[in-house]
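Student: Sequence:
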Amino acid sequence: MTADRGPDRPTAPLPAYAGIAAELRDRILAGEYKPGDRLPVEPELSAEHGVSRSTVREALRLLASQNLITTTRGVAGGSFVAYPQPDQITEYLATSLNLLASDTRITVGKLLEIREMLEVPAAGLAAVRADDEGRAELRGSLFDPGSVDPVEIFAPNRHFHAVLLKLADNPFLEVLTQPVFRVLNERFLRQDAPDRFWYGVDRDHRDILDRIEARDEQGAREACHAHLENLRETYTSIDRTRALARRASE
109 MTADRGPDRP TAPLPAYAGI AAELRDRILA GEYKPGDRLP VEPELSAEHG VSRSTVREAL
169 RLLASQNLIT TTRGVAGGSF VAYPQPDQIT EYLATSLNLL ASDTRITVGK LLEIREMLEV
229 PAAGLAAVRA DDEGRAELRG SLFDPGSVDP VEIFAPNRHF HAVLLKLADN PFLEVLTQPV
289 FRVLNERFLR QDAPDRFWYG VDRDHRDILD RIEARDEQGA REACHAHLEN LRETYTSIDR
349 TRALARRASE
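Going letter by letter, the sequence shown gives residues 109 to 358 in the numbering used here.
The set of hints was computed from the structure by calculation and includes no laboratory data.
Treat the hints with care, since some could be wrong.
What the hints assert, rightly or not - Between beta-carbon pairs, the in silico distance windows are: (1) 260 <-> 130: 41 to 51 Å; (2) 224 <-> 244: 18 to 28 Å; (3) 248 <-> 278: 43 to 53 Å.
C-beta: ideal position from N, C-alpha, C; glycine also.
Sequences are here, hints too, so could you generate the full structure?
Tutor: Below is the structure:
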């Protein structure tokens, strides 16, 4: 009979390649190696860790799969610390949040709270920091709900918010907010929101734009807050309907 695995059972040691990758990752995140820096070549890493070059290559492949390094061949080739790509970070966070949101304890209300914490201040910053070109871009991102196919309407809606975040001129806001926005819209809105909902969204967007064009920081924050509150009823209704459908199918 196999013995139960108790809580004190020792953890299996990491494979050699994973341990090397973890050490290099820590050194990258600590700033010892900065974006664009070249890592030690394979023979050096092999000698330093007392492993074969194939083990080192496996460690480097693992880091590359995590978008921490890029590897090139040739005379000037090698492994280099990657420059952060906001789109890659956003995609990773959106995937992770989608998995997390499958937990029924992660309610739509909690996701909306995060949007409010991030997007309301962003709207205020946009009112202060946006230049004429940025304000024109935001105005150009408005859309007429009556002229857009309901199946395609998510894209222009997302574009308005992407431009708004860009005008706040803080890349961290874009990286952190876009995944939450995507999860809410992809899971709850795509084809579930009634047509009248999108006319309310358009009205709210125009109100936010008006405040930003007037350089009204507080007004922009208030308009964005009102917009998110207006979304709450529809999101919550869709969430409730889906929950009931899940329970009925169990």
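Student: Take a look at whether the Cβ-Cβ distance between residue 248 and residue 278 falls inside 43 to 53 Å.
Tutor: The hint (43 to 53 Å, Cβ to Cβ) is violated, given that residue 248 and residue 278 are roughly 22 Å apart.
Student: Starting from the range 18 to 28 Å, see whether the pair residue 224 and residue 244 falls in it by beta-carbon distance.
Tutor: holds, 27 Å
Student: Between residue 260 and residue 130, is the Cβ distance one that fits in 41 to 51 Å?
Tutor: Holds: the Cβ-Cβ distance is about 44 Å, inside 41 to 51 Å.
Taken one by one, the earlier hints fail for this structure only at number 3.
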